[in-house]
Structures are given as structure tokens and as C-alpha cells.
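Colleague: Sequence:
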Amino acid sequence: MLELEHGFRVVDVATRLPPADGSGDSRSRTITADRLEREMHQAGITGAVVFPPSRPGTSYVAPNNGVARRSVDRPFVAFARINGTQTPGRNATGRLRNAVSRREDRHTSPSDIEKYAYDDRFHGFVLDPTVDDYPDDDVLAALEDVDLPVIVRGGVDAPPETLAETLLERSFPVVVGRFGGHPLNRSLMSEMIDLLDEYDDCYLETSFVRYREQLERALLEHPDRVFFGSGAPACHPNVAVMEILTLDVSEDLLRRTFSKNACRVIDALTVDSTPWN
Numbered sequence: 001m002l003e004l005e006h007g008f009r010v011v012d013v014a015t016r017l018p019p020a021d022g023s024g025d026s027r028s029r030t031i032t033a034d035r036l037e038r039e040m041h042q043a044g045i046t047g048a049v050v051f052p053p054s055r056p057g058t059s060y061v062a063p064n065n066g067v068a069r070r071s072v073d074r075p076f077v078a079f080a081r082i083n084g085t086q087t088p089g090r091n092a093t094g095r096l097r098n099a100v101s102r103r104e105d106r107h108t109s110p111s112d113i114e115k116y117a118y119d120d121r122f123h124g125f126v127l128d129p130t131v132d133d134y135p136d137d138d139v140l141a142a143l144e145d146v147d148l149p150v151i152v153r154g155g156v157d158a159p160p161e162t163l164a165e166t167l168l169e170r171s172f173p174v175v176v177g178r179f180g181g182h183p184l185n186r187s188l189m190s191e192m193i194d195l196l197d198e199y200d201d202c203y204l205e206t207s208f209v210r211y212r213e214q215l216e217r218a219l220l221e222h223p224d225r226v227f228f229g230s231g232a233p234a235c236h237p238n239v240a241v242m243e244i245l246t247l248d249v250s251e252d253l254l255r256r257t258f259s260k261n262a263c264r265v266i267d268a269l270t271v272d273s274t275p276w277n
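Letter by letter, the sequence shown follows residues 1 to 277 of the UniProt record's numbering.
Please keep in mind that the hints were generated in silico from the structure rather than gathered at the bench. Check each hint, because a few of them may be wrong.
Unchecked claim - Derived CB-CB ranges, DEER-like:
#, residue 1, residue 2, range
1, Asp252, Ser101, 27 to 35 Å
2, Val61, Val249, 40 to 48 Å
3, Asp157, Asp194, 14 to 22 Å
4, Pro56, Asp201, 25 to 33 Å
5, Asp201, Val72, 29 to 37 Å
6, Ser101, Thr30, 30 to 38 Å
7, Arg217, Val156, 36 to 44 Å
8, Ser59, Thr30, 20 to 28 Å
9, Asp272, Thr130, 33 to 41 Å
10, His6, Ala141, 37 to 45 Å
11, Arg102, Glu5, 49 to 57 Å
12, Asp201, Ser101, 22 to 30 Å
13, Arg102, Ser171, 39 to 47 Å
All residues carry an ideal CB built from backbone N, CA and C; glycine is no exception.
Throw the hints in and build the complete structure from the sequences for me.
Modeller: Structure, rendered in C-alpha cells:
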């Protein structure tokens with residue numbers, strides 16, 4: 001495939017790096033780290049946040065370490081995937097379940113958060129509530145203490161209202177994936193854009209957002225709060241970059257979305273930190 005020429009520096013905050021043995025969830029396309037690196041280079045992407053696919057019911061220690069290991073000498077910034085024990089307690093059953101839930105060995109603990117945060121291989125965290133539930137208060141407090149960004153997969157099973165109740169009141173930066181409306185739920189995306197007025201440390205990433213109206217609205221109303229995400233390897237990064245390039249917005253807004261905004265929050269994505277410059 002020909003390289004995509006566009007003249008922008010692009011960093012990607014939404015890239016899954018499946019395990020080398022091909023295991024992972026059924027939503028993840030199998031791809032090697034070398035091929036992913038080539039596809040990123042073809043799209044003009046100079047650095048990418050990478051993390052393992054979600055794997056329900058298992059510990060993420062080994063997958064996280066695998067991602068960190070394969071990020072060495074590549075333009076990859078490793079984020080650690082975490083899980084939890086809590087579900088949104090909107091009714092008596094949910095509140096009771098949360099009250100009696102206890103962390104098991106497979107669950108992320110406060111000490112795990114500290115280890116990842118002070119391990120220079122990791123630069124943030126990723127959470128998929130639809131598979132792994134939400135962290136408990138002790139883990140959330142640990143996330144506040146280390147103050148690293150958390151990317152959370154938003155959607156119909158983790159809607160904006162629930163994310164606001166469970167995560168957005170906390171002091172660490174939260175990057176809501178897919179504009180909070182996966183799969184292709186315009187009303188949830190619009191609700192998530194509305195919440196940017198209330199939460200100063202909340203950001204949105206663009207992977208799998210196919211609607212120009214929502215993308216352009218977020219960029220125009222909140223120019224500093226939108227990060228580019230490709231959704232690779234499920235979506236080729238060339239396609240994701242082109243979708244942003246075709247928006248009817250200024251070059252300045254494109255530059256903010258492609259790199260400037262994310263680099264303010266994720267230091268490891270800055271020019272001095274990535275090999276492709």
C-alpha cells in the first residue's frame with residue numbers, strides 16, 4: 001500500500017497490540033508488531049499508544065508485559081490494561097453485588113497501579129467496562145495518586161452518564177474512546193460531547209466515529225479535547241487518518257486533533273520521545 005502523504009504529524013491513542021501467540025478477544029484482528037509498525041508508518045503516524053486486547057476473566061499482567069516488551073525500539077507507547085470488580089450500582093441488586101464483591105488475583109489492585117505507574121515502560125491505563133467492570137474505590141484512589149491518563153472504552157454498555165458517575169469526577173485525565181457512543185450511536189456521542197462542558201479533564205478519541213457532524217462539532221466546540229485514534233488493527237490507520245483529513249475544519253484544528261492535544265496529556269508521545277520524526 002502506498003504511504004499516505006498529508007504533511008501533519010500524527011499520534012494515535014487507540015491501537016491494540018494482540019499477543020504474539022494470537023490469543024485475545026474475538027474482536028481483535030491478529031497482527032504482528034512489525035506489521036502494525038509498517039501500517040502506522042504508511043499512514044504517517046509517528047507514535048501510537050498500544051495496549052493488549054480485552055480478555056474477560058483473566059489477569060492482564062502477562063499481556064501488559066508482552067505489550068511493553070514489544071514496544072521497545074518501536075514508536076509505541078505502552079498503556080497497561082486494568083480491570084475491576086464493580087458494576088454501576090443503579091438498583092438494589094447492583095449495590096448489593098458491589099458491596100460483596102472482592103478482588104481476586106486476576107483483578108487489578110492498588111499495588112498493581114503503583115507498579116505500573118513507576119515502571120517506565122508504561123505511561124497510562126486502559127479500561128473496557130463492558131468486559132472488565134469498573135475499579136473499586138481503592139483502585140480509583142490509587143489512579144488519582146499516580147495521575148496518569150486512563151483511556152476508557154465508551155458505548156451503549158458504558159454510556160456517558162455511567163462514565164460520569166464512576167470516573168469523570170476523579171482527578172486523573174480520562175480519554176473516552178469512540179466518542180462514548182460505540183457502536184455508531186449518535187445520541188450517546190452527542191451526550192458525551194455535552195459532558196466536555198462539565199469535566200475539564202475529560203477528552204474524546206475518534207476511533208470508529210463515522211459521523212462528520214459529531215466529529216466536526218466536537219472539534220469546533222472543544223478544539224483542545226479531541227485526540228486522534230485509529231482503532232487499529234481492526235481499522236487500517238490509513239482509513240482513520242483520511243476520515244479526519246476530509247473534515248471541513250481548519251488546518252489548525254487538524255493539527256490539534258492529530259497530535260498537539262494528545263501530546264499535552266501523554267508526554268511520551270511528544271516529538272523527542274518517538275523514533276519517527
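Colleague: Honestly, do Ser59 and Thr30 meet the 20 to 28 Å range at C-beta?
Modeller: 21 Å, holds
Colleague: Would you say the C-beta atoms of Arg217 and Val156 sit inside 36 to 44 Å of each other?
Modeller: Violated, at about 20 Å.
Colleague: Determine whether the Cβ-Cβ distance between Asp201 and Val72 falls within the hinted range of 29 to 37 Å.
Modeller: At 30 Å between Cβs, range holds.
Colleague: Do Asp252 and Ser101 keep their Cβ atoms within the hinted range of 27 to 35 Å?
Modeller: 47 Å, violated
Colleague: Has the hinted range 25 to 33 Å been met by the Cβ atoms of Pro56 and Asp201?
Modeller: 29 Å, holds
Colleague: Within 49 to 57 Å: is that where the Cβ-Cβ distance between Arg102 and Glu5 falls?
Modeller: 54 Å, holds
Colleague: Return holds or violated for the Cβ distance of Ser101 and Thr30 against the range 30 to 38 Å.
Modeller: Since Ser101 and Thr30 have Cβ atoms about 33 Å apart, the given range 30 to 38 Å holds.
Colleague: How does the Cβ-Cβ distance of His6 and Ala141 compare with 37 to 45 Å: does it lie in that range?
Modeller: 42 Å, holds
Colleague: Hint says 40 to 48 Å; check whether the CB-CB distance for Val61 and Val249 agrees.
Modeller: Holds: the Cβ-Cβ distance is about 41 Å, inside 40 to 48 Å.
Colleague: Could you tell me whether the CB distance from Arg102 to Ser171 stays inside 39 to 47 Å?
Modeller: 26 Å, violated
Colleague: I want to verify a distance hint. Is the separation of the beta carbons of Asp272 and Thr130 within 33 to 41 Å?
Modeller: For Thr130 against Asp272, whose Cβ atoms are near 36 Å apart, the range 33 to 41 Å holds.
Colleague: The hint says 22 to 30 Å between Asp201 and Ser101; measuring C-beta to C-beta, is that right?
Modeller: Between Asp201 and Ser101, where Cβ atoms are some 27 Å apart, the hint holds.
The earlier numbered hints that this structure contradicts are 1, 7, 13.
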